[in-house]
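Novice: Chain residues, written in single-letter form:
10 protein chains.
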Amino acid sequence: MNRNDVTEKIIAAKVSKGITWEEVARRIGQSKEWTTALCLGQMTANAEQARALGEVFGLGEEEQKWLKVVPYKGSLPTEVPTDPLIYRWYEIVNVYGSTIKELIHEEFGDGIMSAIDFSMDITREPDPKGDRVKVVLSGKFLPYKTY
Amino acid sequence: MNRNDVTEKIIAAKVSKGITWEEVARRIGQSKEWTTALCLGQMTANAEQARALGEVFGLGEEEQKWLKVVPYKGSLPTEVPTDPLIYRWYEIVNVYGSTIKELIHEEFGDGIMSAIDFSMDITREPDPKGDRVKVVLSGKFLPYKTY
Amino acid sequence: MNRNDVTEKIIAAKVSKGITWEEVARRIGQSKEWTTALCLGQMTANAEQARALGEVFGLGEEEQKWLKVVPYKGSLPTEVPTDPLIYRWYEIVNVYGSTIKELIHEEFGDGIMSAIDFSMDITREPDPKGDRVKVVLSGKFLPYKTY
Amino acid sequence: MNRNDVTEKIIAAKVSKGITWEEVARRIGQSKEWTTALCLGQMTANAEQARALGEVFGLGEEEQKWLKVVPYKGSLPTEVPTDPLIYRWYEIVNVYGSTIKELIHEEFGDGIMSAIDFSMDITREPDPKGDRVKVVLSGKFLPYKTY
Amino acid sequence: MNRNDVTEKIIAAKVSKGITWEEVARRIGQSKEWTTALCLGQMTANAEQARALGEVFGLGEEEQKWLKVVPYKGSLPTEVPTDPLIYRWYEIVNVYGSTIKELIHEEFGDGIMSAIDFSMDITREPDPKGDRVKVVLSGKFLPYKTY
Amino acid sequence: MNRNDVTEKIIAAKVSKGITWEEVARRIGQSKEWTTALCLGQMTANAEQARALGEVFGLGEEEQKWLKVVPYKGSLPTEVPTDPLIYRWYEIVNVYGSTIKELIHEEFGDGIMSAIDFSMDITREPDPKGDRVKVVLSGKFLPYKTY
Amino acid sequence: MNRNDVTEKIIAAKVSKGITWEEVARRIGQSKEWTTALCLGQMTANAEQARALGEVFGLGEEEQKWLKVVPYKGSLPTEVPTDPLIYRWYEIVNVYGSTIKELIHEEFGDGIMSAIDFSMDITREPDPKGDRVKVVLSGKFLPYKTY
Amino acid sequence: MNRNDVTEKIIAAKVSKGITWEEVARRIGQSKEWTTALCLGQMTANAEQARALGEVFGLGEEEQKWLKVVPYKGSLPTEVPTDPLIYRWYEIVNVYGSTIKELIHEEFGDGIMSAIDFSMDITREPDPKGDRVKVVLSGKFLPYKTY
Amino acid sequence: MNRNDVTEKIIAAKVSKGITWEEVARRIGQSKEWTTALCLGQMTANAEQARALGEVFGLGEEEQKWLKVVPYKGSLPTEVPTDPLIYRWYEIVNVYGSTIKELIHEEFGDGIMSAIDFSMDITREPDPKGDRVKVVLSGKFLPYKTY
Amino acid sequence: MNRNDVTEKIIAAKVSKGITWEEVARRIGQSKEWTTALCLGQMTANAEQARALGEVFGLGEEEQKWLKVVPYKGSLPTEVPTDPLIYRWYEIVNVYGSTIKELIHEEFGDGIMSAIDFSMDITREPDPKGDRVKVVLSGKFLPYKTY
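Sequence order for the protein chains is E, L, W, F, V, B, H, Z, P and R. Note that UniProt numbering gives residue 70 to position 70 of the first sequence, counting from 1, and the numbers run on in steps of one. Note that UniProt numbering gives residue 64 to position 64 of the second sequence, counting from 1, and the numbers run on in steps of one. Note that UniProt numbering gives residue 72 to position 72 of the third sequence, counting from 1, and the numbers run on in steps of one. Note that UniProt numbering gives residue 90 to position 90 of the fourth sequence, counting from 1, and the numbers run on in steps of one. Note that UniProt numbering gives residue 62 to position 62 of the fifth sequence, counting from 1, and the numbers run on in steps of one. Note that UniProt numbering gives residue 4 to position 4 of the sixth sequence, counting from 1, and the numbers run on in steps of one. Note that UniProt numbering gives residue 132 to position 132 of the seventh sequence, counting from 1, and the numbers run on in steps of one. Note that UniProt numbering gives residue 112 to position 112 of the eighth sequence, counting from 1, and the numbers run on in steps of one. Note that UniProt numbering gives residue 53 to position 53 of the ninth sequence, counting from 1, and the numbers run on in steps of one. Note that UniProt numbering gives residue 39 to position 39 of the tenth sequence, counting from 1, and the numbers run on in steps of one.
Because the hints were derived from the structure by calculation, they are not lab data. Owing to the predicted nature of the structure, the values given are computational and were not obtained by experimental measurement. Backbone N, C-alpha and C fix where the C-beta goes; we use that ideal spot for every residue, glycine too. It is possible that some hints are incorrect.
[Said to hold, decoys possible] Not the full set, but computed from the structure, chain B residues with beta-carbon under 8 Å of chain F: (1) 13; (2) 64; (3) 83; (4) 84.
Work the whole structure out from these sequences, hints included.
Specialist: Following this line, the structure appears as structure tokens:
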């Protein structure tokens, strides 16, 4: 057994039971973004969260242990994602990547926006011309240090 | 001459003159995000914007014409970006890609978040533990249609 | 179980029963193009369509549930397809890609032809020198917006 | 000098003179699709077409000779195109590739749709919900032969 | 079950029974080249050929059905083949590719040599300095059409 | 200066002068296949051949010297060729590669068909249904030796 | 002019003048590790450092400006480095990567060792069996946060 | 059974039993770095170490034999690692690779830092601004020899 | 069953029985180099050798048959090998490849060193500064022929 | 100027002057293998060797300085070499790589054959059936150490 087996079991259980990620998140007491990432094998649960997920998805003790092990991260099967929804994000990085770089450096100087001390919030933005997906990303700025 | 030559000339002129993208944006009358993408060869100017950029960066008439031609987009030299700041975004797509997909589908059903009918806003979020980069992405949801 | 298992079961059942995609489409009440894409794991069924497919291919309840889950799309095993029929399409993109880009921009300006708000129609075009495959693609034009 | 130099000169001349591909096509007496592909270095001109293009774009005799040489075809700089408009076509091949294959085989048997004995027609399809790009592809069906 | 399973079963049965491809071809009434390609999952059998192969290799009815389904073609596991015999062919394409292109265009003009309306004949060419492999390839010339 | 410069000069001179490869071959006294490969930078000339090519294409002494240096071989810009004519050969290797391997081993045992002790002959095969390209490849069989 | 031109000029000037990186670092008042990375186009200088480098390497005002622009980072020409010294580091990541991951997680929990808030120190470690290279890496631990 | 099976069994046993690598190392009498690499299938055990690991993880005799066989090394599933922690190391090689090369050559001349006669030590470096990961690498310098 | 299964069974049996390749070679009556390559699925056995290997490793009749089938060659899982020992050989090809090419051409003219009519001998070369691996490669020179 | 420029100048001078690598090696007083690698930009000269090469090839003082700088090594333009002579070596690594690994480990235990403390000797081996290329490689065995 490995973390991947647990992830697959969670996904299959979710389809079978018809629960939403939002409900799962409420059970865990975390945001739906972090909770989904945890369930998809990208984050690490503490004891309580593992137990809660175990109840939600019917996971045994061994499976819950795996949720507490730091996983080998990376959730996409190819370097350039083939799924259209995920590809659009890759396209944003490709088309706007140099723009993002320029503007963060203009505001903050040399460094990066952390993808670790990081949070994400995905919501529906109602719009008469068609609703929009609004995503707020917040990452700590980390300056390169000289030494 | 091609669009790439114009982009390189703009970048060199910006370094030489020491202007910021924010100032350029004010001259164009658009957001700093869209303006920077335009200057970096990813967007298309109208006649007035091309003229304004010509003044800011000292571009000739031929060069301004190129700004009005739709460019071949894509601003990164490799499939997986090597620059740490841009890579963090690729990492977000890699680690959170499946999460983003799940949550948008949970809220909207099958479809994508547009990268065309799309806007981006990058700001500084003051934080006592270290300021953060806040990025708001807004893209129209486009449902797959059946036929 | 996952969507891929359901796709493989559908394909095997189709070979075994000897039905055509056109017949399947009639049962679903959709075009043969969209129906085939659904059966091959690229589209998402509603409840009625899932039930209809369940009957056609002998799928259990759990399998029908998977048809209603948005799939991870992408139906080709390699970046450059090896199958000659599919490769010809990749070749069209490669040889005519810049032509398509120029002509759409000439007519519509900067933007894209949607692959989401999109339909396809494949028919036989009788021709004394040898029948032809006629494919009509229709995608909404989406302009890049300035902001 | 090589064909690529001629292509670049044609593109630069087109930007400078502000002519459309449609006008160029009228001068050549061919469709705008084939003419654009010719100008972008993918097709081969006959003597008359080369002369006409020479006039339109101000090409010398040596340059016209290159238009009559069969080019090394392929108009994209990367295996997976980065430009969003062209990528959407790659995505169509990726998402619908297996569907296209199934339906052509269902109608015609084993073989391919030719990308050589092939024509393409791109037009605007007015639509109250937003105009659409309509592309008609027509390729001769070539059956695999047994021997 | 899929075509690949049938191919593997055929190969294993061939090793076990010790028959040659030439014998199989005689049973099918086709050339040894086409027959081998069929057995290796690259071509499509008609009803009679499927039945004959079923007898030769002990295939059940379901397996015979798969032989009549057009396969996803491509018989090599990597882009650049690692097997020395097959690599030599890739090398011929690499070293002589531009030569082949020049000479076919010199004789026929712009177009291709079909790999679909195509046959191949492999024979032993006795030679006192060491026997040679003689391969005759014959493919219909398909001219690019203007439109 | 390097061999590549000489190759480019030869190609440009050929376009400019309008000579055919067949005529060049007659001047060299070798087959058109080998001569073209030589001119395209894949083979090595002896003193006499270099002199003859020098006359045909107007090459100086330094350039003729380069024709006598063994070149770094490989005439294609990408692993999978994008040019349709050359791609068809790659496709033949991909679709028929395992067939070629099986049949050569069936006839000769373990070993390869040499791509060095090798010759190629490309001719037009008249056919009422459309002329065909006939290519005869002849390579010495080299058995793996045990030791 | 771009940063790459400045980097190449610095490298050529260093060879020509025969200075060591250690001497350059003393002039800048930073460690030799950070200074070398700056000169090789990976870090960003402040005004004083740019002026000092200008003196050391004879750089003009425009060139000094480029040193103050945040560069597009990444100093290797291929994904897997071909240079043996640098490859050994890639090999360490490949062979010990999972070990490093396990031990950092065992000590710190889920998170990463920063490559931004990071310093490196390279020294000679005398050893009778052959001197050793000692490299000390120090990176802040950044925990994944839950939200 | 192969080494990979043994590695997977060790990892699963470790999760199940909740032991740390440090405890395992104490049982083996080696550093935690080398021991972890051994358990993850990168190093080779002697008889005693294999027996000790057998006890710790409940491995049978056959499994212990595999620990004594030199493994095919390399612990990462992709050329560019997707896991953020391991990627940071790849980034260090990418950003600082040329710096490391310059400084080792400046001190030692042409040669490499061995990744075989090599040791690694990972410790926690307490820091009021947030603890740091300190990694000491020590590799013998191997000079290129002339001959 | 296929050749790969037989290879894996041989490797597992070798670990289990603790025999050396040298002993296996003696049983086959061939060099240890060729014998190992045979056992690792790269060469083809004759009837007697297959029988001998069957005895050594406890292979059944079906498995022995597979040893007599010419295998699909290539023993490495990635284009650039990750295993340090094998990578060193790839590095030799990378660093010395152009040198090897120059010197063989200087001595022999245009052609190659055969990897088919080829043998290899690996021995220990005692050396007071540390024993060395001595590898002697011998391959027939094959000249390119003109035609 | 950089090392690559010097390498190209050396190669062009060698063609122009018609000297052999063996003569160059005599002038340097080193083996022809090491000398060729030096001239092709893979090794580092001392002062005397640089001066000698300067005389042989007519290199100026600045160019000689570059010969004394440790180069970024790697002499091949692609991961899998396209040149047939060099490819045969890649094929040897591919086909015999696992064999080489097994036999070195059988004789020496875990470790590698050094590609740094390494020498190579290429000679002609006369043979009535066709002369052979004999290559002797000698590399120090470096054991993995435990710690």
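Novice: For every hint, state whether the structure bears it out.
Specialist: Results for each hint:
About 11 Å separates the beta-carbon of residue 13/B from the nearest beta-carbon of chain F, more than 8 Å, and the hint is not met. With a least beta-carbon distance of about 22 Å to chain F, the hint placing residue 64/B at the interface is violated under the 8 Å criterion. With 8 Å as the threshold, the beta carbon of residue 83/B comes within range of chain F, its nearest partner Cβ sitting at about 5 Å, so the hint holds. Given hint, residue 84/B at the interface with chain F, holds; its Cβ is 6 Å from that chain's nearest Cβ, closer than 8 Å.
Checked against the numbered hints given earlier, this structure breaks hints 1 and 2; the rest are met.
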